[in-house]
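J.: Model the full assembly from the supplied sequences, consistent with the hints where possible.
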Amino acid sequence: MLIRNVSRVVKYGLYGSVAIGSGAFVTSVYSDGDYDSLAIVRHTRAARTALDIGRIYKSMLYNQEWDKESKEYLQVKSDAHKAGAEKLLELCKTNKGVYIKVGQHVGALDYLLPTEYVTTMRVLHKDAPRNTVEELYKVIKDELKKDPSELFVEFDPEPLGTASLAQVHRAKLKDGREVAVKVQHHYVRKNISIDLTWMEFLINVMSRVFPDFQMDWLVEETKKNIAKELNFLEEGRNSEKVAELFKNYTWLKVPKIFWDYCSERVLVMEYVTGGQVNDTKYIDSHGISRTDLCTKLGDLYSHMIFVTGFVHSDPHPGNIIVRKDPGDKDVTVYLLDHGLYAQLSEKFRYNYSKLWLSIIARDKEGIKCYSKNLGIEEDLYGLFACMVTGRPWDVIMKGIDVTKPSSGEKSTFQNELPNFLHHVTHCLQHVDRQALLVMKTNDLIRSIEYTLSVQEKMCGFLVMTKCCTESIFKLEVKNEQSKMKRQILNLKYVWSLFVLYFYGLYLNIRNSVNFM
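All the letters of the sequence shown, read from the start, carry residue numbers 4 to 519 under the numbering used here.
What the hints contain is simulated information worked out from the structure, not anything from laboratory work.
Hints are all accurate, no fakes.
Cut-off 27 Å, straight-line C-alpha distance, at most; resulting in silico cross-link-like pairs (DSS-like, lysine-lysine): (1) 250 x 477; (2) 401 x 413; (3) 443 x 371; (4) 259 x 244; (5) 141 x 231; (6) 469 x 375.
Quick caveat: nothing in here was measured; it's all calculated off a predicted structure.
T.: This is the structure we're talking about:
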């Protein structure tokens, strides 16, 4: 019955798409010869994919009664997930644009979706479809009103990277400076409204196939953020703002923007070289300390989230480059792609900091209180704490400050959480929207720690605790009128730093002993 209803929805959606798309067929979109930009083509492709995914599950899973604990069922379910994920990946690669963006989000949801979908869609972080140089040149000429040959003496046809909304190429300006040129895909803007509508349709269909799959928030967040990401001038301003905020971090570099060559769809910046933050061969061959690198990243992102409130929200490995030349004493970290930032409110930062300190203190009432302040129902506070930390509840109750993360723990967590998928998606539907980008950022940073095999050292734990304490202190002092109470707050803050100093010594000794 379920799949029959889904098929009916998709079928009528397909018919509707033909009717709607036919009107677009005679518009100016067709005149540019871009077949894939036609509404009828994109609608039909999306509807057909939804229908195919529904049929996969109908034929493989819902055609008989299963013992859902049996190995056979689990294997067939995994095969169905894999086949469905492949269909969705094919659609994302073909329709491109926003489909790639949403697909990349799916590839980052380690703990929230079936592993088959996450691993399949993750390739989009590094294998997004690319445009031809001629297509890029047309965008550059349209935006900067000059032929690219007037701007660059060299333009490497091989992209440095290709993403959902743009691709980046190395080039050389007339004055000899090497630059990275980011050019927006020519088809993105004209399809944005259509694609978001149909991606929402796909999500709705999948929620019928999987009643626990309630991902409306994913489309909502994409709608909210996409306008910012499409304006490269905004990205340039973000990069300069974060460079100013963290100018005292001598090891952190943000590529310089060449404003004379920029527009909403073209961004020209300083060209940098190095290895991706997950490139263990580069890191080890260049004598970069994995522990020191992760400590630096933990420091940077903890200050972003808890102190400044200005958070780089797309820290996947391709956006963090590391470099250490012979003779350098310290590693240099380059932060790239500043199109998406979260500006966290003071109220959110206060509640989120309090939540973390409650988790560290194993304070159930505190966790419940500050989870509720962030929009979580009281009976789901434990699950939300697990989602925030990426760790099981029993470990949280033992103390995440004394229990080291492990690969086995991560595997157990990933295997168990899908059993609570309905409650997970309920949390994501109702949590303060500011938390979504922060949780995505946390997951990506944790992923880097596991890739570098330093999760057991808990590199960023101490600095994160300090940042939580600092954030709470500053906000409470700011809102306190009484001089005496401000003095008391100051004493409490100094005492907390004193305790954290000695705790840091303890962690260093423990890590040294374990290393030996």
